[in-house]
Amino acid sequence: MDCSQIRDSFMSGDRLSEEQLEAHLAQCPQCKALFERDAELGRSLAAQANAALPLPADFFEQIEQGLARETGARAWLRSRPSRVRFVFTLLLVLLAVIAGGVLRQRADFAQYPFLRVALLLCVYFVAIALAFAKELSELPRRNPLRESLPLLAFALAVPILAAFAPATELSRRAGAEGALNCFAYGALFTLPVALLLWAFDRNDRPSLRSVCLSAAALGLSANLLLELHCSNGNPLHVLLGHASLGVAWLTAWAAARGLSRA
Amino acid sequence: MTAYIAGDKAAFRELFRRYTPLLQRAMARDLRSSEEANDLVQQTFLHLHRSRLDFEPGRKLKPWIFTIALNLKREFFRRSKRRFETSLEDDRVAEPFEGPRGQERSDAAREMERALQTLPAEQREVIELHWFGGLSFPEVAEAVGSTVAAVKVRAHRGYVALRARLGDTAPDPDGVLAGKPSVVESK
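Here the protein sequences line up with chains A and B, keeping their order. The first sequence lines up with residues 1 to 262 when you count with this note's numbering. The second sequence lines up with residues 1 to 187 when you count with this note's numbering.
Wrong hints could be hidden among the right ones.
Which stretches of chain A does chain B cover? Using the computed rule of at least three CB atoms under 8 Å from a CB of chain B, they are [unchecked claim]:
#, stretch
1, 32-40
2, 43-55
3, 97-107
4, 220-232
If you want a taste of the chain B side facing chain A, the calculated C-beta under 7 Å gives, among others [stated by the list, open to error]:
#, residue
5, Arg50
6, Glu75
7, Arg110
8, Thr147
9, Val148
10, Ala155
These aren't lab readings, by the way, just hints derived from the structure by calculation. This structure is a prediction, so every number in the text was calculated from the model and none was measured. We put the CB at the ideal spot given by N, CA and C, even for glycine.
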């Protein structure tokens, strides 16, 4: 005998064997609580669970109509398995990083030790993959902000921290100029990723969790390619042209959430 | 579900028939109108449709549907800026909506609904999924992303709190519980 059988017997009125019941109650405090005071709690819960609730006569038709509207490219994309959505998003990020960062790499790229570059790529990629995996999953979300805010904070902080890491002479001596160019460059290369992410989102209105995770992933992607492309390590330049991209994507996603509500 | 993924329309009707009452009962407790509950049930089926290719054959469908439903419900509360979390000290609870037989529902049933509303969200959620959603405790654990032991502890604490809340009320004044046979059969 298990807890579900006891619940079902309360709801159906079917009788249970006293011997089996006693054996179960002896090791199940939660079911025991249902039987105290003449089983008042168990019977009250069963009465609640058995109460009929109103259902519109055409409810099934309404749902069928909703499903019938699920046609077109976006409907097809958002219904792909989560694993596929994740891999395609990550591939597009990789393409953007290769096109914007690796093929057009910074002037002082060769002066940096391989280990440092590899470590930087790993940190960024792990964080980006984590953000996309969380964003595209259907797992239980008890506290969405607790799981998405650390990633967002990391996305906003990592370019600034990177600016204070040991750098080449070229990087250290640069001024704040060109921040707008970097901002536009990063935004342009991550725009296709943002569009794909929007197309993959199964919610009609982005959730707060989705806003934070998408902004974190896009901000990190933009900063990764700028890290490879831009040799300017001036803190003001990094703050205005690189780190601001995370904030910009956060604002854009929040605006999309607001617009879809309206 | 496998038939539905393969495109069998009759399979969807069966899913609807089987899960709509359970979803609706599990959704309805915290919402102020039947329209809100029905809207969330509708969204659950829409998400189920969009996520159908994520379903792995052999996996239990019920906890998976309820994971989708709970995520939607939590997001609904976040969007509407209404409280999902309530504390035992808080007596200002939302009035639950009335069903078709709302006028006939007894004070005892209403008292039970109110007592449920005053439970902390994590205890209420477990009790609602088990009793109104028809999930076993292992299924509840899967739907809320916790362990079986943890959800049983939450259920037990919730039951104790409910009994304390209901303890002050006169037992079954309007006969809601009358006529319910005893669940125990003597040997």
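Each hint, compared with the structure:
Restraint check on the stretch 32-40 of chain A versus chain B: 7 residues with Cβ-Cβ distances below 8 Å, three needed, restraint holds. With 12 residues having a Cβ less than 8 Å from any Cβ of chain B, the stretch 43-55 of chain A passes the three-residue criterion, so the hint holds. Counting residues of the stretch 97-107 of chain A whose beta carbon lies closer than 8 Å to any beta carbon of chain B gives 0, which falls below the threshold of three, so the coverage claim is violated. Restraint check on the stretch 220-232 of chain A versus chain B: 0 residues with Cβ-Cβ distances below 8 Å, three needed, restraint violated.
Against a cut-off of 7 Å between C-beta atoms, the interface hint on Arg50 of chain B holds, since the closest Cβ of chain A lies about 5 Å away. The interface hint given for Glu75 of chain B is met, as the beta carbon of that residue sits about 5 Å from the closest beta carbon of chain A, less than 7 Å. For Arg110 of chain B, the interface hint is violated, since its Cβ never comes within 7 Å of a Cβ in chain A; the closest pair sits about 10 Å apart. Interface hint at Thr147 of chain B: violated, since its Cβ lies 12 Å from the closest Cβ of chain A, which is beyond the 7 Å cut-off.
Taking 7 Å as the C-beta contact cut-off toward chain A, the hint placing Val148 of chain B at the interface is violated, the least distance being around 10 Å. With its C-beta approaching chain A no nearer than about 5 Å, Ala155 of chain B sits inside the 7 Å limit, and its interface hint holds.
Violation of the numbered hints given earlier is confined to hints 3, 4, 7, 8, 9; the remaining hints are satisfied by the structure.
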